[in-house]
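Chain residues, written in single-letter form:
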Amino acid sequence: MVIAVGTPLALDARASRAWVRRFARTTPGVVVVIAVVVAAACILAGLVSAAAVNSRIAEQKAVLDHSEPFAYAAQNLYAASSAADAAAATAFLSGGNQTPLMRARYQQALAAATSALANATAGAPDIDTRKALAEVSAQLTTYAGLVEAARANNVQIFPLGSSYLREASSLMQTQLLPGAEKVYATDLARVDQAQRRIGSLPKVSLALLVLATLAIVVSSVVMARRTNRQFNLGLIAAGVVAVLMGACIVGAVHLAAGEMERGRTEGTEKFGRLGEARILAQQARTDEILQLITRGDITASEQSFNGHIDKLRERLGTSWPAATEAVNKWVAAHREQVDAYQANDYLGAVAQALGTDPGASGAQFAVVGSTLTDALEQARTTMRDHTSDAGAYLVWIPSAALVLMTAAAVAVVIGLWPRLKEFL
Amino acid sequence: MRIRVVTLLIGVALAVAGCNGAATPPPTVTIFPAPVRPAGAQDITTMPEPPKDDCGDREASLRPGPLPSPGAMPAGSTMAEIKARGRLIVGVDQSTYYFGYRDPSSVEIKGFDVDIAREIARSIFGDPDRIELQVVDALKREDVLESGQVDLVVRTYSITCDRKKEVDFSTTYFYANQRILVAKGSQIHSAADLVGKRVCAVSGTTSLPRLKAVNPDLTVVGVANWTDCLLMLQQGQVDAISTDDAVLAGLAYQDPNMELVGDSLGIEPYGVGIKKGNDDLVRFVNGVLAQIREDGTWNQLYDRWLLTILGPSPGPPAPRYQD
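Here the protein sequences line up with chains A and B, keeping their order. Mind the numbering: the first sequence is residues 1 to 424 in my numbering, read in order. Mind the numbering: the second sequence is residues 1001 to 1323 in my numbering, read in order.
Just to be clear, a hint being listed does not mean it is correct.
[Unchecked claim] In silico SDA-like cross-links for lysine to any residue, where the CA-CA straight-line distance does not exceed 20 Å:
1. A:Lys131 <-> A:Thr174
2. B:Lys1197 <-> B:Gln1235
3. B:Lys1140 <-> A:Ala224
4. B:Lys1140 <-> A:Ser301
5. A:Lys131 <-> B:Thr1030
6. A:Lys131 <-> B:Lys1140
7. A:Lys131 <-> B:Ile1031
8. A:Lys131 <-> B:Asp1279
9. B:Lys1140 <-> A:Thr174
10. A:Lys61 <-> A:Asn344
11. A:Lys182 <-> B:Pro1035
12. B:Lys1083 <-> A:Ser301
13. B:Lys1083 <-> B:Asp1279
[To be verified] Far from chain B, by Cβ distances over 10 Å, these chain A residues were calculated:
14. Glu302
15. Leu347
16. Pro398
No lab work stands behind these hints: they were computed from the structure. These figures come from a predicted structure and were not determined experimentally. Note that CB positions come from ideal geometry on N, CA and C, so glycine has one too.
If we strip away everything but chain A, and leave its shape as in the complex, we get (with noise of 0.2 Å):
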C-alpha cells in the first residue's frame, strides 16, 4: 500500500516526525534520549558479553565432551592397530611356540582397536571423518581375514602363510595406519585450535561495554550542563558496572586463558609428542621383527630402526626421564639381539626378541609402551583438567553479564527518572 502525498495520513506522520524533532531539543526530550539510548547501549553490551562469553563456555565444552575424547580415540586407535600387527608379526616369528599369551596380545589388540574405532566414530565431527574411520573399519576387518588366512596355512606348514602375512602387513602399513594417523592429526590440531579460541578476548563485547562508558560518560557531561546538578547517581553506577564488568571479562578470560596455556603446554602438546613417540616405538619394534622374518641382510632395517629410535628420543627429549631409561634398555636389549643374529645365533636372535625375561628386547618394548601410555594418560588429564579449571572462570560470566548490564540500565532510567519528572 502506497501513502499518496497530501493525504492526511501522510500529514499526520510528518506532523509527529517533526513533533519528536522539537522534543529531542527541549531538556525533558534530552533526559528521554539519554535514558534510551544508555539502557540499550548496557543490554546490549551485557546480551553480546554474555553470548560471546557462552560461545566460549561451549567450545570449553565441545573440547571436553567431544573433541578431546575423539583425538584420544584416534590415538588408540592407531596405537592399537599398530600393535595388532606387531603381535601378528611376533606370533609369526615365534612359529610353533606361538604361545596362548601372544595370541591373548593380539586379540587384545584388535578388540582395543576396534574399541577405539566406536568411540572414535561416535565423535566423529564431520561426514569426511567418519568417512575415513569407515575406511579404516574396513581395513581392519580386511586386515584380520588375512591375518588368519596366514595362520591357517602356518598350521599346515606352507611357506605361502608368510605371503598372506606380508600382504596383511603392507595392508597395515601403507593404508590404515597412514588413515588413522590423518585422521587423530586433525583432530589434535582442531583441539588446539579451540583452545587457542577459548582464551582469546571478547573483542566486540569489550568495544560494546566500552562504547557504552562512553555514552554514560558523554551523558552525564550533557545532564551536567542541561540540570544543575553535578552527578546523576543512576549514570555514575551504570558507569561503574560497565567499567567493573570489562574488567571481570578481561580478568576471567585472562586467568582462562592462563588454564588454556597450561592445558596446551602441558597437555595437548606433550600429548601430542608422546603419540608420535608411541607410534614411534611401534614402528621400531616393527622394524625389529622384520629383519628377523625378512632374515636376509639387516643394515638397512638397522638404519631404519636407529632412525626411528632417533626420533623417538627427540619426541621424548628431557621430559619423560623414565621413558627415555626404557628407551635406551630396550636399545641395549636390541643391540644383544643384532649381535646374536650376526653371529648367526638366529634361534637366539629371535628368542631374545621375543624374550619376556627383563634382558630381552620384547619385554624392554612392552616396558616403553606402558610407560609412554602412562605418560599419555597423565598429559590427557593434565589436558582435561585445565580445560575444565578454565571453564570454571568463565561459567559465572554470561549471567553476571546479563544481570549486572540490565541492572545498570535499570539504575540509568531510575537516575534519570526524578529529572524527567520535574517536567511532568
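We have chain A already, so just place chain B on it with the hints.
Just chain B, lined up with the frame of chain A:
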C-alpha cells in the same frame, strides 16, 4: 480472490519446503572394499631382454680337481678363508616350497637347495651345520655375490649367459622346465591361452622375459616371492603363474585347487652362484657336486624333498666341463 490464491501458493511452497527439510536424510558414508595386494607387487611394463645364448655352452663349468679333505683346505684358497671364519654364508630363499622355505613350526629354513648348501659346508668343515643362511631376493642374487655378503647363492638359480657375465656358476645340479600354474577348471591350457591375461612371476627371474617372448599379449605382474604369486592367484588378482615346474609343483602342493598346464616353455638348469673370479671355489663346489652325484646323496636329497611333488627321481644331471 487474488489474496486467497497467493495464500494458497505460499502455503504450498511452505509445505513443500518443510517436507524437503524434514525428509532429506543426513549424509551417509559409502566406501569401497579395502584393496589388498602383496607389498611390492606391480605390473611390469618394461621387460628385460629374453636370455641370449651367446656364450657357447652356458652349463659348462670348471673341472674339479681332487676334493681336499675337510681338515685340509689349500692355504690361501677361498675355502681356507671360509674355514677360518668358521661358517659358510649362503644366500637362499625362504618361500619356495621344498627348495628353500621357512618351516613355520620350527623357524628353520629347509629344502633341497639348502641341503645342497649344507653338503658344501660339510665338505669344508666336516659339519653341515657350520652354515649361515641369508635370505636373498631373486633380484639381489648377483649383488650379494659381488659385494661378498655371501659366499654362495643356492636359490633356484638358473644358469644364463647374461648372469655368467656377472657371476660364476657351478655345474648344473637340477633341471627344471618353465610351465604354467592355473586354477583347476580355468580356460587356460597352454601359453597361447594367456592372451590378455594377467600372469604372475617373481621380479628378477628368467621366467619374466621368457613369458613375454612366448606370448607378448599378456600383462606380467612382478612380485617378491613365489608364494605372493599363489596368494594373488587365490585372490583372483592374477589368472596364472608361470615359472619352473619344480617351483610350481611346490605351490600346487599348498593349494590342491591349482594345476600345472601346458608344455615346457624352456629348460632351466640350476647352478650354485659364486663370486666371479673365485675359480678355486667353483672347482671345489663342482667337486662336491660330483661327489654327491656319485655317492647317492643327490638321490637321497631328491627323495627327501622332491619325490612327493615331482615324482620319482630322474637321476642327477650329468656335469659338463669347459676344460
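Worksheet item: In ascending order, which of the hints set out earlier in this document are inconsistent with the structure?
Response: 3, 6, 8, 9, 10, 12, 15
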